[in-house]
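Since each chain comes alone in its own frame, lean on the hints to assemble the complex.
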Amino acid sequence: MNPQLFQLICFYAFGFVTVAAALSVITLKNTVHAVLALVLTFFSAACLWMLIEAEFLALALIVVYVGAVMVLFLFVVMMLDIDQEKMREGFVKFLPVGLIVAAAMLAEMLGLIGVRAMHAQVMGANPAAVAGLSNTAWLGQALYTKFLLPFEIAALILTVGVVAAVALTLRQRGDARYESASQQVKVNPRDRVRIVKMAAERPVDESPAPPQEPKP
Amino acid sequence: MADQLINQLLWPIIYILCITVPLIIAVAMFVYWERKVIGWMHVRLGPSKIGPFGLLQAFADVVKLLIKEVILPTKANRFLYFMAPLLALIPALAAWSVIPFSSKMVLSNANAGVLYLLAMTSLGVYGIILAGWASNSRYALLGAMRSAAQVISYELAMGLCLVCVLVLAGSLNLTDIVNAQAGGKGLFDWFWLPLLPVFVIYFISGVAETNRAPFDVAEGESEIVAGFHVEYSGSAFAIFFLAEYANMILVSFLASILFLGGWLSPFQGWIHADAPGWINWIWTGGFIWLFIKAFVMSFLFLWFRATFPRYRYDQIMRLGWKVLIPIAIVWVMVAGCMKYFGWVSIGVGA
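Order-wise, the sequence lines are chains C and S.
Just so it is clear: in the first sequence, position 78 is 78 by my numbering, and no numbers are missing.
Basically my numbering = 1-based index in the second sequence + 1000.
Honestly, the hints are just simulated from the structure, not real lab data.
Hints should not be assumed to be uniformly reliable.
[What the hints assert, rightly or not] In silico BS3-like cross-links for lysine-lysine, where the CA-CA straight-line distance does not exceed 27 Å:
| hint | chain 1 | residue 1 | chain 2 | residue 2 |
| --- | --- | --- | --- | --- |
| 1 | S | Lys1036 | S | Lys1064 |
| 2 | S | Lys1068 | S | Lys1049 |
| 3 | C | Lys197 | C | Lys186 |
| 4 | S | Lys1339 | C | Lys146 |
| 5 | S | Lys1185 | S | Lys1339 |
| 6 | S | Lys1036 | S | Lys1049 |
| 7 | S | Lys1075 | C | Lys29 |
| 8 | C | Lys186 | S | Lys1322 |
[Unchecked claim] On the chain S side, residues computed to face chain C include the following (Cβ under 7 Å):
| hint | residue |
| --- | --- |
| 9 | Leu1115 |
| 10 | Tyr1116 |
| 11 | Leu1118 |
| 12 | Arg1318 |
The beta-carbon is built from N, C-alpha and C at its ideal position, and this holds for glycine as well.
For reference, chain S alone in the conformation it holds in the complex (with noise of 0.2 Å):
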């Protein structure tokens, strides 16, 4: 009996904490690291006074948002208020539990884990409208409700880039998607190729599902303060935060599995070398090449933030269903005939 609980329920939870607490830390170190490429590109130093290079910024304010008070406005929905920064950080860590990190190392290998990610990133949303209606405040019902629509429509055209992805891997299973992009030509092999459009697209919808700028009209600071979470202080809007950005590193990791070949080497199949097993990731892949890609991807977002003034709410509605839902329909049909015909390798075997 006891054999039996420590195996279905002290293992799983010490494998939960070693993806969540990792990952805690990450977004610490992923805010310190914005905060830091964004005033190098404002030609400005960034944080750089706690701790070396500042790194120690992200603790001090974890600790200082932690100390503040948290405060109820007038007339809110208690336990409403209180429930929505919950509402949105528990989807946010839940997706992970599908994310394999090398061939091995994941922590449910579900075989729907492509649909099971869609459903967590699309219950996130709760948490933004509820906060924005419980708060009782006009500011966060607009963030709420600009943000709702934008994360319904974007998540469509997210939905069809799967469904191309997964036309060509033959499977919802994140771990047999990785392998379906294997191959012996590197990273041509990957669906970063035969799927450019998809992946470009794939990649503003994650964007924009996060709310993140260009697409952070939930929280435009010049049009509505900051949106849903504007009543929200301490650590209940240090539980937004960290949901956020729980959610971009997630997008990156996506979008490194999807379409950059997860935790496959670039180089596979151009180096046929035996070499001790610290060395051989370089080639045979690992868990560290998935970390370098989300690494990239992740910058990626810091970059938009830095670089692209904010979309205005008409035009963001128009390019998600006139021109990413209509491209995205259009490959799908694409990625059928690719798979159909076999214009593309699907896997090592192919």
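Chain C with its partners taken away, still in its complex shape (with noise of 0.2 Å):
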């Protein structure tokens, strides 16, 4: 088997199965089973992008989407105590908003690709094999070089949305019991615990002696 065919086979296979997950995000019942079907989505993109040697961004992409915010949503999704019936009831209602956002994304999709095939704009050779360099090397060498200024600009609009994340959500109750971690560590057991010594047994005069066992 050449090796390009089997390329060929893999990407037929991954993107089937992510269409086919992406699909049943929103046709499965069970939101769980949803989410879970959202997470094999991210799974075969991932796969995908590794066929294009794109090894840095699909397993950052498990590693961020797949590992830790998909995670945290399957939570969120687990502690909701969701009416099935209720959600369905809503289909037909919501069906001329979804069809005309689904359509919205179509044109601009098929517009951009037009615009694309209209430049016929080859796609140039894969930058890190002509630098000789790995994906993620040269990813990285790109990042800190060429894009340092969008890429430190968008890691301080990431710690803006984390502070305010929590700012948000920390809310102190005034009438909330609240310990101080410092001076639980700070604890000295003596403090707590007072040993005392003494004698494992009782005096042998206060209680009769046990029987002595007949040597053999």
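If you want it as structure tokens, here you go:
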């Protein structure tokens, strides 16, 4: 089997799984199943990226989205108390809105691809391969030299997001009991526990000596 | 065609079996060793009845587990309930594909090996969460909840530790990382010395990531019976067990590879002697060194379990977020300085 044919087969297999999983995200009745289908979508998308040798992007997708974001997402969904019947009621009501959004997205994507096709921009050779580096090394060099400012700005925006999220959710109730962890750590066991030294047995004269076992 | 099929399909499968089968046997023997060591630490004998020194105890347990009935709780989600053990096991085994056992012995010498490992270890949490949810049990759900929060928190610290290592080594490839620790100063060329705090943090995170004592709140027996796998019995439980121990051994191997020079000898560069191959490995390095290091690291898991009381849940979170992650972040910068100013020698050439 030549490698190109193998890659093509892999592409179609992963592509099929991606599309099927994405479809089941919106069609499955059970919300937990839907989240798992979304996980599968991400995973097979990562495999597709792996096929075009974008290994860093693929693994980062798995580490960040599959490994962390979706786990928390799954958790929220597990905790939800959802009435399945009620969820399905709105289907007809929201169908027109959904169709409009879908049509708009389709038009946008087709337009983008159409513009690409008009310019007939042939994708250049893989820049990482041209530079003789692995994908990750090339990406790192590009990010920290050519795209340093956008990269740092993105990091700053993310930090602001984290701070904002914490600030929004961190509400301390006045009557809440609060224990200082540092004080707990600093506790000296001698302040809490008094160790009493005493003999392991009672003095012999108070209790009668147990009868001696006859030695064989 | 047949030739290619053998080359591209049969040989990789044989290589995979060469890793997984010994791994599974190692897990069985590790369980025996754990019970024995903890027994000694408790001034007990540990398993001693089955086979010489109780050596066959683990295999007897496996047989017992396999012939037990697998119980499906009422109203449990059947598909996910049986999927969860597999989702725990598959990443635990898949992660082994990038582990280099010696300079030539590696199944997949992937460029982004460290990232791949991070990805695989982060996938294992799905098995735990789904087991907790699909069991339709409160205890199981509580265990899953604790485990998820813990694994995600400590994954960050672990990731930052890996960043330190790859900054120094200048590569994500595990073979390159080991080669970067080669040099003429023996064991003082390994990364544990410049990255000592990171080494400690990495191992602590590894213990937390595998849900082992003192971070075993996910299955705290005294609080939530057995946590996420409380409803599992028979072979389904055995698979969880296998995954947990395979992960422990993996963390031990990784600590040895990233910080303790992998297959390199602690006497590298000290002895220059020509000896036959079967004795040469003592100073030139070989996979036996890796196994010895991993064995010592995995012993620490057992030692922790026998010595430390379980952490309280909020203390686990505090340790992860407020102690380990800040130290790791600082050490990323320190590692950057080490690399930039050349404070540590990397590889044989430098």
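The hints, checked one at a time:
1. Lys1036/S with Lys1064/S: holds, 19 Å
2. Lys1068/S with Lys1049/S: With a Cα-Cα distance of about 22 Å, the restraint between Lys1068/S and Lys1049/S holds, given a limit of 27 Å.
3. Lys197/C with Lys186/C: Since the Cα atoms of Lys197/C and Lys186/C sit roughly 25 Å apart, the hinted pair holds (cutoff 27 Å).
4. Lys1339/S with Lys146/C: With Cα atoms ~21 Å apart, Lys1339/S and Lys146/C stay inside 27 Å; holds.
5. Lys1185/S with Lys1339/S: holds, 18 Å
6. Lys1036/S with Lys1049/S: holds, 12 Å
7. Lys1075/S with Lys29/C: holds, 17 Å
8. Lys186/C with Lys1322/S: Status holds; Cα separation ~16 Å.
9. Leu1115: holds, 4 Å
10. Tyr1116: This interface hint holds because 6 Å falls under the 7 Å limit.
11. Leu1118: holds, 5 Å
12. Arg1318: This interface hint holds because 5 Å falls under the 7 Å limit.
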